[in-house]
Every structure is written in C-alpha cells, then in structure tokens.
Amino acid sequence: EDQVTQSPEALRLQEGESSSLNCSYTVSGLRGLFWYRQDPGKGPEFLFTLYSAGEEKEKERLKATLTKKESFLHITAPKPEDSATYLCAVQAPGGTSYGKLTFGQGTILTVHP
Amino acid sequence: GAGVSQTPSNKVTEKGKYVELRCDPISGHTALYWYRQSLGQGPEFLIYFQGTGAADDSGLPNDRFFAVRPEGSVSTLKIQRTERGDSAVYLCASSLGQGGVETQYFGPGTRLLVL
Chain A
1 EDQVTQSPEA LRLQEGESSS LNCSYTVSGL RGLFWYRQDP GKGPEFLFTL YSAGEEKEKE
61 RLKATLTKKE SFLHITAPKP EDSATYLCAV QAPGGTSYGK LTFGQGTILT VHP
Chain B
114 GAGVSQTPSN KVTEKGKYVE LRCDPISGHT ALYWYRQSLG QGPEFLIYFQ GTGAADDSGL
174 PNDRFFAVRP EGSVSTLKIQ RTERGDSAVY LCASSLGQGG VETQYFGPGT RLLVL
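Going line by line, the protein sequences match chains A and B. If you're matching positions, the first sequence starts at 1 in this note's numbering and goes up one per residue. If you're matching positions, the second sequence starts at 114 in this note's numbering and goes up one per residue.
The shape of chain A in the complex, shown without the other chains:
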C-alpha cells in the first residue's frame, strides 16, 4: 500500500528565514510526486510534479527536489503570503488505481512578518 509521510506537521518561520519541508514516500513504482498548496477553506492548488529521482523544479521562492525515497520543498526567504498547508501526494503505478493520488497529512506553514 502506498504511504506518504510529511514532516514537520507544523512550521513557524520569520519572514526571510529559509527552510525545507519533507515528504517521505513508499510506493511500488513511482509515476509522479505532486506538491500542492492549500489555503484555509479552499481546495488544493497545484504547485509541482516530479517524475524521477534527481529532478528539481522551481517557482518563485519554492524549489522542489526528489530522491528515491523522499521529496523536499525548499522555501527561500519566505513571505507571510506563503503561509498555507503544503500537501505532498504520489500517484499509483497503474492498473485499477490509475490516477489515484495518495496524500500525506500536510505541513502547516506560518510565516510571521
């Protein structure tokens, strides 16, 4: 069974204080690893898809990296507007579970001005 574990559960940063969020996964044949951002009362908003170990993607202050066992979301010089819950998800290898995403529990990020 696919498993995704995110750490820490919550992270409080000062504006400008860089840090990283971790996503550890266990899946029989990774097809894709996704990062989403979720604001309170809203649905998840897509950030990145990573497909293979060694891949990196960047968007503004965010950079996502992938190894064979985990992914990191690096946040450089965060701003208060980066405060949100960040969700990691993996896609199943195929068969009847094609398309299904398995999510971690999320990391709640709070950035103080």
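If you're looking for bench data, these hints aren't it; they were derived computationally from the structure. Using N, Cα and C, we set each Cβ at its ideal position, and we do this for glycine too. Heads up, a few of these hints could be off.
Stated by the list, open to error - Straight-line Cα separation of at most 25 Å, PhoX-like style, residue types lysine-lysine; simulated pairs: (1) Lys42/A to Lys191/B; (2) Lys57/A to Lys79/A; (3) Lys69/A to Lys42/A; (4) Lys69/A to Lys57/A; (5) Lys59/A to Lys69/A; (6) Lys42/A to Lys124/B.
Said to hold, decoys possible - Footprint (simulated), chain B over chain A, 3 or more residues, beta carbon under 8 Å: (7) 24 to 38; (8) 44 to 56; (9) 100 to 107.
Please arrange chain B on chain A, whose structure you already have, making use of the hints.
For chain B alone, coordinates are given in the frame of chain A:
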C-alpha cells in the same frame, strides 16, 4: 477559463438523511476524481471516473456512498443514511484523461456537517 466548481459549498444535514454533492469539472477534462478530507488530514481518495464509467471505486468506504457521471461531465456524489462520521470536506478534481501522469485540478470543496 473556469476551474472545477462544486455545489453546495456548505451542507448541514441530520443523521440518517440523504445528501447529494455536485461537481462540474473543467471543460474538456474526461477524468474526474472525488476525495474526502477530514480536519487536519490530507485528502483521501474515494472514486475515479474516466468518461462515464467508474474506473476505480476502491476508496468508497461502504455501500452508503455512490457516485455517478451519466454524461461524462458533471458528477454527483450521493450519501445515504448519513452518519456523524461522514462530516468532512468533499473535494472534486479533474484532469485531461489522456493517460500518463496528469495534474489533477481541485475544486473548492463541499463542507458537509452531519448533526
């Protein structure tokens, strides 16, 4: 363009009642997904449609839950004899449905409260 829309945004019902939750996917997306998100948790997969058919319903918790997509566009999640444990945010997502690894785009969710 319009994103995924869900109605109602909030639903309060009494234990034992029947509810229907609606999802309008992004135009042209043939794949549609339902997830359930409890407070403090990540979304949990319920069911996946490719076109009109349910390709994977392995996440439906029991036979009180049922979903349809009769014309391959709008989908309805139906919950019979609701229980307090069904209270959660029900999220719908859609993707192109062309195969491979596709981005799923989520709607705002329906917040269901069973009293």
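Return the numbers of the hints above that this structure violates; sort them in rising order. Number 3 only.
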